[in-house]
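All chains, please: the whole structure from these sequences, using the hints.
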Amino acid sequence: MTTITARGPLATTPPVRPGVLTPFTVFVGRSLRHSLRDPEALLMGIVLPTLLMLVFTFVFGGAIGGDSRAYIDYVTPGIILLCAGYGAATTAVAVSRDMTTGTIDRMRTMPVPGVALLVGHTVASLLRNLFSTAVVILVGVLLGFRPAAGPVEWLAAVGLVALWILAITALFAFLGLVAGSAEAASGYGFILLFLPYASSAFVPVATMPSWLRVFAEHQPITPLTESIRALLAGVSPGGDAVAAVLWPLGVLAVALALTAWRFPRTRSRLVH
Amino acid sequence: MTYTDQVLVLTDVTKRFGAHTVLDGVSWRVGPGITALLGPNGAGKTTLVRIVSTLERLDGGSLSVLGHDVARERRTVQQLIGLTGQHTAVDGMLSGTENLVMVGRLLGLSRLDARRRAGELLAQFDLADAARRRAGTYSGGMRRRLDLAMSLVRAPRVLLLDEPTTGLDPRSRRALWEQVRRLTDDGTAVLLTTQYLEEADALADRIAVLDSGRLVAEGTAAELKAGAGGDVVEVLDEHGQPSDTLTTDGTAGHVASVLRSLPGSARVQVRRPTLDEVVLQLTGKEAA
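Chain order of the listed sequences is A and B. The numbering of the first sequence is the UniProt record's numbering, which starts it at 1 and goes up by one. The numbering of the second sequence is the UniProt record's numbering, which starts it at 1 and goes up by one.
Zero decoy hints are in this set.
Which residues of chain B face chain A? A few of them, derived with a C-beta cut under 10 Å, are: (1) Thr54; (2) Arg74; (3) Val77; (4) Ile81; (5) Thr88; (6) Val103.
Derived by calculation from the structure, the hints in this document are not laboratory data. The model shown is predicted, which means the values in this text are computed figures rather than measured ones. Built from N, CA and C at the ideal position, the CB exists for glycine as well.
Below, the structure is given as structure tokens:
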């Protein structure tokens, strides 16, 4: 076994190339292991969705919706998107950590596409956050959420959630790439995490002052929330669906373009 | 089997970061065996290693690894080298085995071969007992050994070690030296940077001294000591311990005049300079 033994004539070691997909599956596996072993990621994935559902249903529900049962139907899509934001934000920290340790250097000196590292973090984030979405829906159902969606509406709703998760994860991955530290990376995500509060996720935009309403109606969370809410209620989302698809695609395109430009120029941020 | 005579050939290698010239026209040939690159902080050692390992691009000159140009044949060079950087690249959330299997898979080994190779390396680096533990729980010495093992998964022809023992206790340092020495038995060429003269002296067949981006000396430890001038006059205190060190140019006249400048009751000894003093002379700075 001259190919894998350190002893023996090294000059005969033939160059072996991994399969095209191997680096991607390896890094997805790595990031998933990280997610499962990181108590903070599990907290974000299970405890946070549960707590948010309980808080919005029982603490705010009566005051905002008048009736907490009725409010569950209104608020569940918003909680899903809120949790997706928190969950995706951890991607920035994970990417930043790889850039500020020797990890990126080792990967860069190996004959594998370095971008596979980012793909690993992104796919893991997608799976993690779809899991959180399931937790939100499950807790919602336990509290009285009764979606009227058929299989097609469910598929469309989950598809929109997945698309949004993918878009903001890609954006957070880019932030992790440019942030000076893991702490800074999570700080930059603040604005994205704030978006659901200034949307129709928790209260109708009609209740907002006009300047805020203009903002709320022209940001991604409102059409996404409205579309998912309509789909889960078993009705057509109408014109909101177009914006709900175009927003994530736009964010994704911008994030990927920025990453494609920045990643090859990224040096590990170590003290030399 | 035959080796390319020259492992690394550097011709007028220049690297700038902004207005700061980090490497200023370094020309150097590195042969087989262990070569140490010695120099004070900021001399450009790490930058040079990063250029060899394809992490930084050259601003001028050329550099080849076993005859392959780092700029034009990046992928080929990556197949030939292994890097253990200054900052550990061990994934603390994964076990020792998982870290090694991950690298093996990325380098094209099958799952089975990657596992087998991981087992071999863990045994070779005395980590078999900790194989299933998360690397985050390892001691500094264990992390370094795992890091080194990760750069050896597919037996590189040229191993680059950037300050491999920085931060290790003396026992772990000696253990790592032993591992590095054994690698060269297999024909792996090693280039290591170090601030520890003791390390260069103990490990390296040849030593080069880098200062402010220029190569100021190159040779075996003995050649450097011989070439960098004169004997040292040590003034001893009442316990026979050196209390002062005076350098000379090695000529009888200079030694005599140094001795004359001391009080007649002073106890002295004359000896060859240490490598430490040689580097100090060459660079005008403390190495560590």
